[in-house]
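Number of protein chains: 2
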Amino acid sequence: MSVYYGSIEAGGTKFVLAIADEHFNIIKKFKFATTTPQETISKTIKYFKENRVSAIGLGSFGPIDLNLSSKTYGYITSTPKVGWKNINLVGQLKEALDIPIYFTTDVNASAYGEMKNTGIKNLVYLTIGTGIGGGAIQNGYFIGGIGHSEMGHQRINRHRDVLTFEGICPFHGDCLEGVAAGPSLEARTGILGEKISSDDPIWDILSYYIAQAAINATLTLAPECIILGGGVMEKPNMISLIQKQFISMLNNYIDLPCSVEKYIRLPTVKENGSATLGNFYLAYSLFTKE
Amino acid sequence: MSVYYGSIEAGGTKFVLAIADEHFNIIKKFKFATTTPQETISKTIKYFKENRVSAIGLGSFGPIDLNLSSKTYGYITSTPKVGWKNINLVGQLKEALDIPIYFTTDVNASAYGEMKNTGIKNLVYLTIGTGIGGGAIQNGYFIGGIGHSEMGHQRINRHRDVLTFEGICPFHGDCLEGVAAGPSLEARTGILGEKISSDDPIWDILSYYIAQAAINATLTLAPECIILGGGVMEKPNMISLIQKQFISMLNNYIDLPCSVEKYIRLPTVKENGSATLGNFYLAYSLFTKE
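Here the protein sequences line up with chains A and B, keeping their order. Taken in order, the first sequence gives residues 1010 to 1299; the numbers are from our numbering. Taken in order, the second sequence gives residues 1010 to 1299; the numbers are from our numbering.
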């Protein structure tokens, strides 16, 4: 009997469902906008009732409860996304589908997908898009202590040219996400990020902030590489701006394991597929363990 | 035959050598100022030739090379400390003493000692003294990817009242160490840290910086607690200033695993003994494995 694995990318703006064969090739995919929990979760259940799989990897926006001994394990917890606070995502899916579900954050799933695609077992994945998040892996295991990373809300140094901008994070104002996520561009300029001309100084400011996140990940986790995904990174020269700022900031304090071009890089899995690939492998790891 | 374990706390300002019985009770201790590598290492060798032990735990100031497959494994590498760059610390000790030596950073040793003393297996230890360093443990294992943490040089947000101060870090100027290590107090006020009155506003600025390091450790590593050691933390109300700033910065974005008083705390091992205790257990772990 053929084995199929499922992937749920539970995003704040959209859900991406996918089915893979036992070689992790995508055979089906279904995207839809995230609306109310009730509507979004029932659509997901319906899809996986019509397309049976042996196990699911579920990478979700957070914060989420990953503590297996907690009453709210499987919940999306204190998210600012209206209606989604304290929603039992895993509980509802398991009750309806009755299959193993590997639950983690969306960026952990992306990090896992990149690990599987590259063979690199010590890496950090930062996504810079509508929000900013980070997932980290050491020796093939997720870093996250008794919960999970929330690197998007770290404190970094403000750029001296734009000290008056308060930042858009509803919790912290000018944490990393507050000053460097996609929506901060429009909040600061009144122009949608994709419409801002490529020689606008804002891109230097943004790369200054993202480079600091890479510095902090380097000096805390000492990975083999840092992968930067998300919509903001689709801007053509963004990666090289960040690499340059990173090198000048690090100032040779430690040796990198490779060139900065290899150390700070774009995702290797094409078409934003890192999380989906990661979810398939996480489903596989759960299914083969049970 | 009785078993004894050795500890070497290799600090930039002083070396602390100690011997423990098999119950990790200190039976002998010897401190001396760190001078030239040649003089300091030969004193250390002499001490352990006169006081034979079965294995040694060596926590050293860094940066150091912990990559077992590297030609410079066991070296202190790019330190600003004059004369100590690229010194083969472990090689010289092993050649002379011919016993197993567990090599790690001084703050990793402190974190390990606190783990053994509390039973908490997911923790971060930050030392704020002449320099700033951080060690982290997850599920009983050191966080450090292919090297080790260097959290003291992370980027954090500058306090708006003192933007003109450039910071004292020789590599980065105003990284965390540059604006919050002990010597930064004197660099900023012209007065030795211990002589600055306790109601001086500088302590609020310092706690603002250290609280950010705790926020970044929380949002990257999700530990069960953060332990703050080092000379700066000996100032009576420093810990409560930091706890207050931390709570207001976090702004309920995530739930802490316990009260902030338990979450951000002073070392539990008395008389600055965390690293020494950690070194004994690391020596034990190596000796019992061989």
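Fair warning: there could be bad hints in the mix.
What the hints assert, rightly or not - Taking lysine-lysine and the BS3-like style, the derived pairs with C-alpha atoms no more than 25 Å apart in a straight line are:
#, chain 1, residue 1, chain 2, residue 2
1, A, 1130, B, 1052
2, B, 1253, A, 1271
3, B, 1094, B, 1040
4, A, 1253, A, 1023
5, B, 1038, A, 1080
6, A, 1244, A, 1271
7, A, 1130, B, 1080
8, A, 1038, A, 1023
9, B, 1103, A, 1080
10, A, 1023, A, 1298
11, A, 1298, A, 1279
12, B, 1103, B, 1023
13, A, 1130, A, 1037
14, B, 1271, B, 1253
15, B, 1298, B, 1279
Unchecked claim - Cβ-Cβ distance ranges computed for the label pairs, FRET-style:
#, chain 1, residue 1, chain 2, residue 2, range
16, B, 1173, A, 1082, 47 to 57 Å
17, A, 1243, B, 1173, 55 to 65 Å
18, B, 1297, A, 1039, 19 to 29 Å
Note that these hints are calculated values from the structure, not bench results. Yeah, the Cβ is synthetic: ideal placement off N, Cα and C, and Gly gets one too.
Here is how each hint holds up against the structure:
1. A/1130 to B/1052: Distance ~40 Å between residue 1130 of chain A and residue 1052 of chain B Cα, so the pair is violated.
2. B/1253 to A/1271: violated (41 Å)
3. B/1094 to B/1040: holds (22 Å)
4. A/1253 to A/1023: Not OK: residue 1253 of chain A and residue 1023 of chain A at ~33 Å, beyond 25 Å, violated.
5. B/1038 to A/1080: violated (48 Å)
6. A/1244 to A/1271: Judged against 25 Å, a Cα distance of about 18 Å means the pair holds.
7. A/1130 to B/1080: Roughly 21 Å between the alpha carbons, so the hint for residue 1130 of chain A and residue 1080 of chain B holds.
8. A/1038 to A/1023: holds (13 Å)
9. B/1103 to A/1080: Outside the cut-off at roughly 51 Å; violated.
10. A/1023 to A/1298: Distance ~30 Å between residue 1023 of chain A and residue 1298 of chain A Cα, so the pair is violated.
11. A/1298 to A/1279: violated (28 Å)
12. B/1103 to B/1023: Since the Cα atoms of residue 1103 of chain B and residue 1023 of chain B sit roughly 21 Å apart, the hinted pair holds (cutoff 25 Å).
13. A/1130 to A/1037: Outside the cut-off at roughly 28 Å; violated.
14. B/1271 to B/1253: At roughly 13 Å apart (the allowed maximum being 25 Å), residue 1253 of chain B and residue 1271 of chain B satisfy the hint.
15. B/1298 to B/1279: Outside the cut-off at roughly 28 Å; violated.
16. B/1173 to A/1082: 47 to 57 Å: Taking Cβ atoms as reference, residue 1173 of chain B and residue 1082 of chain A lie about 49 Å apart, which means the hint holds.
17. A/1243 to B/1173: 55 to 65 Å: violated (38 Å)
18. B/1297 to A/1039: 19 to 29 Å: Violated, at about 54 Å.
Figure legend: structure checked against the earlier numbered hints; hints not met, in rising order: 1, 2, 4, 5, 9, 10, 11, 13, 15, 17 and 18.
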